[in-house]
Amino acid sequence: MTTKLRRNRPGTKRKELYDWPELPLDEMDGALSTQQHLQTLIKKDPSDIWKLVLLPDGQDKYVWIYEHLCQFIIELHRYCAFHNDVWTVENHPDMHITINGEDTVFLSSAFRPPKKVPAIDYITQTIEQTQDTLNNSTLFPSRAFIPEEGQAKFVEIYRRLARIFAFSYYHYPDYFQKFEKQYYLFTRFKTLGKYYKLIKQESLLVPEHVAEIEPLKEEQKEKEKDEDDDDDDDDDDDEEEEEN
Amino acid sequence: MDFFTGNNQESDYSLRGTLSYIQQEFKNFEQERRVWDFEKKSLQTNVKQLQSKLKTQSKVKMDLVKRIKMLEYALQQERLKHQQRSLMLDSPKNTKNYGFQNLQPESYQTRNRYMLTNYLEEMGISTQHVRPDSRTMALPQKKAFKSRIMKNRNTSMDSFSSKSQILDENLQSKSLNNELGDLENELEDELDGEDSNEDEEDNKEKKKHTNELETPNNEGENEDPDFSEEEGSQIDDNELAELEKDLGGDLKENNENENENENENENKNENENGKEEKVEKKKVLDLTLMFSEEPESKKESKSKLKQENIIKDKGENEDDQLKELQEKFGSNKKQLNDKEFEKFNAKQFKFGRINPKMLKYAMDMYEGEDNITEDKKDSKSNESQTRTPTQKELQDQLLNIDLLNEGSKKEKKKEEDPRKKWDRKNVLRGHFDSVRSICWHPTEDLLFSASEDSTVKLWSLNKILSQSKKRRKKKRKSRRSKKGEIVPICTYRGHEGPVFKVIYDETRNMSFSAGADGMVYAWDVPSWNEKDDIYTSYGVAIHHKFGEYSGHKDAVWDLTLNSTSGKLLSASSDGYIKLWDIVQKNTTSTSDYLCPFFEENNLIPTCLDFTKTNPNHFVAGYTGSGIILHDIETGQAINGFYTQKGEMSPDEMTGQKCSFDISQSSEMFTFDVNKQINTLKCYPTEPIVIAGTESGLISIIDLRSGDCIKNTVAHQDAVTGIDIDSLGKTYGTVSHDASIRFWDYQTGNFLQIISVSRKKFDEALHCISYHPKKRLLAVGPADSQIRIFC
Numbered sequence: 001m002t003t004k005l006r007r008n009r010p011g012t013k014r015k016e017l018y019d020w021p022e023l024p025l026d027e028m029d030g031a032l033s034t035q036q037h038l039q040t041l042i043k044k045d046p047s048d049i050w051k052l053v054l055l056p057d058g059q060d061k062y063v064w065i066y067e068h069l070c071q072f073i074i075e076l077h078r079y080c081a082f083h084n085d086v087w088t089v090e091n092h093p094d095m096h097i098t099i100n101g102e103d104t105v106f107l108s109s110a111f112r113p114p115k116k117v118p119a120i121d122y123i124t125q126t127i128e129q130t131q132d133t134l135n136n137s138t139l140f141p142s143r144a145f146i147p148e149e150g151q152a153k154f155v156e157i158y159r160r161l162a163r164i165f166a167f168s169y170y171h172y173p174d175y176f177q178k179f180e181k182q183y184y185l186f187t188r189f190k191t192l193g194k195y196y197k198l199i200k201q202e203s204l205l206v207p208e209h210v211a212e213i214e215p216l217k218e219e220q221k222e223k224e225k226d227e228d229d230d231d232d233d234d235d236d237d238d239e240e241e242e243e244n
Numbered sequence: 001m002d003f004f005t006g007n008n009q010e011s012d013y014s015l016r017g018t019l020s021y022i023q024q025e026f027k028n029f030e031q032e033r034r035v036w037d038f039e040k041k042s043l044q045t046n047v048k049q050l051q052s053k054l055k056t057q058s059k060v061k062m063d064l065v066k067r068i069k070m071l072e073y074a075l076q077q078e079r080l081k082h083q084q085r086s087l088m089l090d091s092p093k094n095t096k097n098y099g100f101q102n103l104q105p106e107s108y109q110t111r112n113r114y115m116l117t118n119y120l121e122e123m124g125i126s127t128q129h130v131r132p133d134s135r136t137m138a139l140p141q142k143k144a145f146k147s148r149i150m151k152n153r154n155t156s157m158d159s160f161s162s163k164s165q166i167l168d169e170n171l172q173s174k175s176l177n178n179e180l181g182d183l184e185n186e187l188e189d190e191l192d193g194e195d196s197n198e199d200e201e202d203n204k205e206k207k208k209h210t211n212e213l214e215t216p217n218n219e220g221e222n223e224d225p226d227f228s229e230e231e232g233s234q235i236d237d238n239e240l241a242e243l244e245k246d247l248g249g250d251l252k253e254n255n256e257n258e259n260e261n262e263n264e265n266e267n268k269n270e271n272e273n274g275k276e277e278k279v280e281k282k283k284v285l286d287l288t289l290m291f292s293e294e295p296e297s298k299k300e301s302k303s304k305l306k307q308e309n310i311i312k313d314k315g316e317n318e319d320d321q322l323k324e325l326q327e328k329f330g331s332n333k334k335q336l337n338d339k340e341f342e343k344f345n346a347k348q349f350k351f352g353r354i355n356p357k358m359l360k361y362a363m364d365m366y367e368g369e370d371n372i373t374e375d376k377k378d379s380k381s382n383e384s385q386t387r388t389p390t391q392k393e394l395q396d397q398l399l400n401i402d403l404l405n406e407g408s409k410k411e412k413k414k415e416e417d418p419r420k421k422w423d424r425k426n427v428l429r430g431h432f433d434s435v436r437s438i439c440w441h442p443t444e445d446l447l448f449s450a451s452e453d454s455t456v457k458l459w460s461l462n463k464i465l466s467q468s469k470k471r472r473k474k475k476r477k478s479r480r481s482k483k484g485e486i487v488p489i490c491t492y493r494g495h496e497g498p499v500f501k502v503i504y505d506e507t508r509n510m511s512f513s514a515g516a517d518g519m520v521y522a523w524d525v526p527s528w529n530e531k532d533d534i535y536t537s538y539g540v541a542i543h544h545k546f547g548e549y550s551g552h553k554d555a556v557w558d559l560t561l562n563s564t565s566g567k568l569l570s571a572s573s574d575g576y577i578k579l580w581d582i583v584q585k586n587t588t589s590t591s592d593y594l595c596p597f598f599e600e601n602n603l604i605p606t607c608l609d610f611t612k613t614n615p616n617h618f619v620a621g622y623t624g625s626g627i628i629l630h631d632i633e634t635g636q637a638i639n640g641f642y643t644q645k646g647e648m649s650p651d652e653m654t655g656q657k658c659s660f661d662i663s664q665s666s667e668m669f670t671f672d673v674n675k676q677i678n679t680l681k682c683y684p685t686e687p688i689v690i691a692g693t694e695s696g697l698i699s700i701i702d703l704r705s706g707d708c709i710k711n712t713v714a715h716q717d718a719v720t721g722i723d724i725d726s727l728g729k730t731y732g733t734v735s736h737d738a739s740i741r742f743w744d745y746q747t748g749n750f751l752q753i754i755s756v757s758r759k760k761f762d763e764a765l766h767c768i769s770y771h772p773k774k775r776l777l778a779v780g781p782a783d784s785q786i787r788i789f790c
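In order, the protein sequences belong to chains R and G. Take the first sequence: its letter number 27 is residue 27 in full-length UniProt numbering, and every next letter is one higher. Take the second sequence: its letter number 216 is residue 216 in full-length UniProt numbering, and every next letter is one higher.
Bound-form chain R, shown alone (with noise of 0.2 Å):
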């Protein structure tokens, strides 16, 4: 292995941040090397969703989920940023979409009773909800196990966080395809929610067809069989693949 250690030292240029020699994932250790991963192959290639919607080798499945929906807190507040000009109070003062000619307004369920907010403050609202949820000892005590409390979470976050998605795709489709064209947010989010049954499709609120992309391939399947089944042993070849 070369000297070179992964990490961002000060007065590193932009474009050489996370510059760094891939890690295999059974080569990591400490507590949070499932987000060292998730990271990683998000830095590599955010398109290529089914690697990063798929179980890596040898994680736990909620540990697995948990990264990623931390990651799309991280994400979201980007996402936030990015459409700073357009969600405003006056150009949206309540969260409010139609859907095939159907009103529906969201109230922010970070007060009780739940209010009606413009639509900025309920994203943010709910982004920063979400995030102390994450952030809570009692639910996740650890980065390495969750407990029934915490996956019983997963569903109720997953729900509240596709509205955002979807009131950006039905009042700014530009800004949506847009950001979603750098980062494929929305397809590894709707994704991920369908492939571990964290969402029905009519909670998603959006059409099919938005961010759908290819099943899964025939090989890739019987591999996921395999794994289901049986133990591991296939899926060392899967890892060097990744690091081709």
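Hints are computed from structural coordinates only; laboratory data are not their basis. Any given hint could be a false lead.
Computed list of lysine-lysine pairs in PhoX-like fashion (alpha-carbon distance at most 20 Å, straight line) [to be verified]:
| no. | chain 1 | residue 1 | chain 2 | residue 2 |
| --- | --- | --- | --- | --- |
| 1 | R | K43 | R | K181 |
| 2 | R | K15 | G | K553 |
| 3 | R | K4 | G | K675 |
| 4 | R | K13 | G | K553 |
| 5 | G | K585 | G | K545 |
| 6 | R | K51 | R | K153 |
| 7 | R | K13 | G | K675 |
Keeping the supplied structure of chain R fixed, place chain G upon it in accordance with the hints.
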């Protein structure tokens, strides 16, 4: 709607009429609500005031205890000396029994005096200051006074309890009642505590001088009734009594305040502002009063208090008269202090030995108190303008007192205080990626953190701090947090990418952040209090953005600020250091600085800091082993310093010259990220910089002489963060070897290590920050969970 469609049938209820009625009702309701809010606030203010007062009093108590210790120490010293002397002089009487009882007071005195004079001369202190007679003269008077004081104390205790009863009755708000109840208990505890302290002093005898606070020492009284230790304890008695009186007075006052507030709330809200201002003034004055320790002054101050009350009731020309009083009081105070200091000197003499350290301590203490009173006078004259500053200033002063006490502590008992071991306190979970930078709000328990998850977050630590202070208080259900967890009170978004640095500007109450997107943003700090909702509606995604500074073409890695002159510096990986004038709100940089060897060696600035001794100088570390001292005014690089040289081992550099003329050679400055300076911090009072390098070195460099004071391998991996505690006694370093290490600044000794084991890739810890006023420390790690130590 049905209601309105049917309104034609009844002519009495027209739509318009109903609407206006509803509107009016609503208005009334709103008005009531406002009044109620106002009442609530004013009551809260009162509670705060009471609490702050309590704090001050406990400080004063501490102060007194320290004095007792000091006197004890002096006595010990004297006694030791005396024993030696008497052994040496070896009079046959004394060899048998050198307890002092057998000696005639006068002969003892004269001889003792002679010895002391000798000592003083030995130590080069002239005997002119010394007035030995004052002791013998004063003694009977003092005894009389002591008994008087005792009486006074008893009465004041009585009045205290009765006052508190009245206070109880007057309070209507439940929560306030509780708060005050606690407060009262604490006050009483305190008084009890003091009494017991005294009891101990009266009864017990201890022969060993220990560092424990409880150590009473009244041997002097038993062994030698004439000996002046008694004076020490008397003074202390006086002080304690005075303190208690003050407590009584305070309560009385508060009681009045309550009444006033309630009355006024009923009448007019507008007047109250003015009144409260006065009340606060009075309290400030009160604080100063508590520092007056001369018995005579007590009467004066008491009467002044009364005067002031009268003035306030009349509500005429208060300001002028107040000022007059303050002036009077100020001058009085000065005299008193002078007097007291002389007296102190005399006391020292009588104890037979002037310990220079003690003298210095005493001087510091008295000077410190002078400063405080002066500060207060200043603030009092400023106070007449607005309401909020007064309170702020009051708090500031309290903090000053805190600081001062800390300062004197280190001279005396708690010498190890800044060096005391740090304990884990809390973990702040909120970020999802490495925390790159943290900084404290200098006066409040607010913490800013910048993270690679592209957000800056603001945390309030009020809750955890108050929790630990008052554990007996039942945990109230708060919306703010789920199960005692702290969530950020504000998330600043706007950076498109990792945020690398956040700093706070005290003067303008803003924070600045910089990140990989090459932008520097200025943020407003939201006003927030415990009872607000967690999630606030700002109506915009990028909220609280005050301004932005664009110009860098690449990631901005470090910021530093001179708050008073309003100069902001940013270091970017495009090679430039830019200077921004934040006073003018210029969004373009006013000047740029480039490393002199930029073209040759492509050196990029990594970190920078203003020197605290010259506001026009700053030091910058580069992606080599060198540091350069720049001048803002001339725009020139003044001097260069290197931390590593050729094959020389780091330790060999210690004590050597490490500066060089930058116009001559660039050999010392070669691009090498493995030796680069990662962080540097200037010492608060001297032109000294502490730098940490990628190779794990810590270099302490004297910028004036160019000497390397210390150069040592401190960590096993890159040093990433350095901070110096507010007293300049210790500094802490963090490193990618996942440890926090604490060092003694003077001796360079290693003090403590705390390990944080979680690493992300090859990064572990990024930053460390001491709270400027309190014993708090925050560390920002790569695992995104900010650690708090206390």
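Checked hints:
A threshold of 20 Å between alpha carbons decides the hint, and for R:K43 with R:K181 the separation of about 15 Å falls inside it, so the pair holds. With a C-alpha separation of about 12 Å, the suggested pairing of R:K15 with G:K553 holds against the 20 Å cut-off. Proposed proximity of R:K4 and G:K675 is supported: the alpha carbons are some 14 Å apart, at most 20 Å. Distance restraint check for R:K13 and G:K553: the Cα-Cα separation of roughly 10 Å lies within the 20 Å cut-off, and the hinted pair is therefore satisfied.
For the hint linking G:K585 to G:K545, the alpha-carbon distance of about 13 Å falls within 20 Å, and the restraint holds. A C-alpha spacing of about 24 Å is found between R:K51 and R:K153, which places the hinted pair above 20 Å, so the restraint is violated. Of the pairs offered as hints, the one joining R:K13 and G:K675 holds, with about 17 Å between alpha carbons and a cut-off of 20 Å not exceeded.
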